[in-house]
Amino acid sequence: MYTIEDFRKNNKSENIIISLHGQLRLNERNISVDDVMNAIDNGEIIEQYPDDFPFPSCLILGISVKNEYIHVVVSMNEEKIYLITAYIPTSDKWEADLKTRKGAEK
Numbered sequence: 133m134y135t136i137e138d139f140r141k142n143n144k145s146e147n148i149i150i151s152l153h154g155q156l157r158l159n160e161r162n163i164s165v166d167d168v169m170n171a172i173d174n175g176e177i178i179e180q181y182p183d184d185f186p187f188p189s190c191l192i193l194g195i196s197v198k199n200e201y202i203h204v205v206v207s208m209n210e211e212k213i214y215l216i217t218a219y220i221p222t223s224d225k226w227e228a229d230l231k232t233r234k235g236a237e238k
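If you want my numbering, it's the position in the sequence shown, counting the first as 1, plus 132.
Warning: the hint list may mix true and false statements.
What the hints assert, rightly or not - Only pairs whose alpha carbons sit at most 27 Å apart, straight line, appear in this in silico DSSO-like list of lysine-lysine:
1. Lys231 <-> Lys198
2. Lys198 <-> Lys212
3. Lys234 <-> Lys141
4. Lys144 <-> Lys231
5. Lys225 <-> Lys198
6. Lys225 <-> Lys141
7. Lys144 <-> Lys212
8. Lys234 <-> Lys212
9. Lys212 <-> Lys141
10. Lys198 <-> Lys234
11. Lys144 <-> Lys198
These aren't lab readings, by the way, just hints derived from the structure by calculation.
Kindly produce the complete structure, drawing on both the sequences and the hints.
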């Protein structure tokens, strides 16, 4: 399982590998790599996906450089962060805390 500090120590643009899916989503959602890096720097891990392949991944809630809440799904090996996707969480899928999925058991 990752900690947010694991991501912060490698959080440099040269260490971020963006999947094709991730690049498409960043472009369509007008989210920049700087937004992603800022979210990692000030965010927290809210979900872990230990069974993802080829590396476990997690969901981070953070703040973009535009001062908006953002969700970032990332995985990591020893030195590289792999950006899977990023999006602005919406109230139709997330509770007001933006950490709890609507309909999720508490």
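Exercise for the section: Hint by hint, work out which the structure violates, then give me just those numbers in ascending order. Expected result: 3, 6 and 8
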